[in-house]
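All chains, please: the whole structure from these sequences, using the hints.
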Amino acid sequence: SAVISQKPSRDICQRGTSLTIQCQVDSQVTMMFWYRQQPGQSLTLIATANQGSEATYESGFVIDKFPISRPNLTFSTLTVSNMSPEDSSIYLCSVSPGVYEQYFGPGTRLTVT
Amino acid sequence: AQSVTQLGSHVSVSEGALVLLRCNYSSSVPPYLFWYVQYPNQGLQLLLKYTSAATLVKGINGFEAEFKKSETSFHLTKPSAHMSDAAEYFCAVSPSGGNEKLTFGTGTRLTIIP
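Chains as they are written, first to last, in the numbering used here: chain A, 1 to 113; chain X, 1 to 114.
Errors might be hidden in some of the hints.
Just a sample of chain X residues kept apart from chain A, beta carbon distances all over 10 Å, derived [stated by the list, open to error]:
#, residue
1, L7
2, R22
3, S26
Listed next, the stretches of chain A that the computed footprint assigns to chain X, with coverage defined by at least 3 CB atoms under 8 Å from CB atoms of chain X [stated by the list, open to error]:
#, segment
4, 43 to 55
5, 92 to 105
For the record, the hints were derived by calculation from the structure and aren't laboratory data.
Since we're looking at a predicted model, the values are computed, not measured.
Note that the Cβ used here is the ideal one computed from N, Cα and C, for glycine as well.
Shown next, in the form of structure tokens:
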């Protein structure tokens with residue numbers, strides 16, 4: 001398994017600003033993912049972040065809005081840029097340390113006012 | 001593309017009664033299927049996973065699920081509900097083992113009636 005921590009756990013931000021969310025894993029993993037869970041809805045994959053390569057974004061998500069860094073095998077950041085109230089969501093990172101495994105962090109609850 | 005459909009966004013059962021949460025999948029290749037649970041204000045926890053080894057999969061907290069190819073289903077069950085089972089449950093599918101993107105269903109909120 002993998003233990004994942006995220007910072008901050010929650011934040012309230014003003015529209016037009018940016019927030020960077022950190023994801024830390026207790027072991028080295030190649031594959032890391034960022035998901036968004038809008039209020040009352042399911043999870044949607046934003047991007048896949050593999051160390052040593054550019055993040056791969058899903059349809060509807062762009063790098064300018066959600067830039068991702070993956071400097072090493074235990075850490076990643078997701079930035080939510082130029083925020084609007086529609087960005088209010090829970091943002092979760094997950095890792096896949098092996099086949100048939102994907103573990104999730106506790107999430108970052110973002111409210112944009 | 002792969003997808004999962006969860007029937008029933010809200011399910012209520014009495015404490016001690018059978019829990020049945022439904023999940024149907026759509027996949028052109030043999031799928032890998034997962035059930036996750038999300039307790040209030042927490043992240044997702046893996047309950048169980050189907051990886052083609054056995055059709056009846058046992059997970060944590062007394063839950064199990066049966067893969068039925070003929071019905072394209074992967075329903076989650078628990079014989080006797082506990083108050084602590086109240087949570088949101090998500091079915092998910094992956095094309096290649098869960099170490100790539102997961103596609104989630106819309107979730108089922110389980111309420112336990114005392």
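Against the structure, the hints come out as follows:
1. Remark: the non-interface label on L7 of chain X is consistent with the geometry, its nearest Cβ contact in chain A lying 14 Å away (cut-off 10 Å).
2. Interface exclusion of R22 of chain X from chain A stands, the closest Cβ pair being 15 Å apart, more than 10 Å.
3. Interface exclusion of S26 of chain X from chain A stands, the closest Cβ pair being 16 Å apart, more than 10 Å.
4. With a cut-off of 8 Å between beta carbons, the segment 43 to 55 of chain A has 4 residues touching chain X; three or more are needed, and the interface restraint holds.
5. Check result for the segment 92 to 105 of chain A against chain X: holds, 11 residues qualifying (beta carbon to beta carbon below 8 Å, three or more required).
Violated hints are absent here; each numbered hint is respected by the structure.
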